[in-house]
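Visitor: Under full-length UniProt numbering, think of the first position of the sequence shown as 1, with each following residue one higher.
There's no promise every hint is true.
To be verified - Okay, the calculated beta carbon distance ranges per label pair: (1) THR260 - SER80: 37 to 43 Å; (2) ARG314 - SER68: 32 to 38 Å; (3) GLY56 - PRO285: 32 to 38 Å; (4) SER266 - ARG291: 28 to 34 Å.
Hint data in this document are derived by calculation from the structure and do not stem from the laboratory.
In this text, all values refer to a predicted model and were calculated from it rather than measured experimentally.
Glycine included, every Cβ here is placed at the ideal spot set by N, Cα and C.
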Amino acid sequence: MRAVTISPQASGGKLAVSDVPAPRPGVGEVLIENVSAGVNRADLLQRAGKYPPPAGAPPWPGLEVAGSVRETGPGVSGVSVGDRVVALLEGGGYADLVVARAAQTLPAPDGVDLVDAAALPEAVCTAWTNLVDTARVRPGEWVLIHGGSGGVGTIAVQLAAALGAHVIATAGGPERAERVRALGADAVVDHRREDFVAAVRAATHGRGADVVLDVLGGRALPDNVRALAHHGRLVVIGLQQGRRGELDLSALMAKRATVTGTTLRSRTPQEKAQIVAAVREHVWPLIAAGRVRPVVHARLPLADAEAALATLERGEAFGKVLLVP
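Please model the entire structure based on the sequences and the hints provided.
Guide: Printed below as a string of structure tokens:
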């Protein structure tokens, strides 16, 4: 089969389509014939040698796919050969075939093109577990979502709105801001021209955001704390502005606020299975009802993986970039 390999593997390698042995499903696993794979910023980090795949995962990138089940391994129930599914992976999605844990698959949602459905697993699972499990968002609360035009951001905006929250999002430029507003944001901050802390205070009449979902990290930490309301929850899920930032503990204590950092890829299979099950119960009906939908920037051939990652790196993508084998 074909897969997009990184050479040299250590760091900063080039991507190329290579012939590799086809995988076989083990206990509790399924073999999926891909029709598309989602491209994520984690793939950029993996190529740079800063985010190695977990033990046992293929060395090539790819955290989510959509396709049809070709084979099931021992002990699999609830998933059958021929089923159209999406899957959350530890890695290896940039390929013709991929092995996934059956507990980390979901039926392809009705009303969504199967190719576009690959834009859902990573983003939806990330948005759900951080907004609901970690931040405990409640109806009527104000949620600030950084990177509202990104792969996770476009889903998080829709999901937070569907959960009854008031959404403030950041985006770069007026055209992108309007598109994010159309996804359900109550207010959108053009981060190229506006101070998001001032915008949050204006939108909330000085109260601040109950929840901040942050993909920036590093340099944004002090301003994120300033943007929080009393008892606010800052959830850091990305490090686009670096790994280190200055935290004013006095400000955090005065607001009785919390800061939590999370990742999805490093969680145990049991944790991921629980997240996937919750997404199937709570988010899949929202997708079926049209209240949450995948946002796809571009579909590119597998051989154009370099161009796909470059699109993310330059910040050009609105929503997800997909690779189509």
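Visitor: A separate judgement is required for each hint: does it hold in the structure or not?
Guide: Evaluated hints:
1. THR260 - SER80: 37 to 43 Å: 38 Å Cβ-Cβ, so the 37 to 43 Å window holds.
2. ARG314 - SER68: 32 to 38 Å: Roughly 33 Å apart at Cβ, these two residues keep to the hinted range, so it holds.
3. GLY56 - PRO285: 32 to 38 Å: Holds - the Cβ-Cβ distance for GLY56 and PRO285, about 33 Å, lies within 32 to 38 Å.
4. SER266 - ARG291: 28 to 34 Å: Holds: the Cβ-Cβ distance is about 30 Å, inside 28 to 34 Å.
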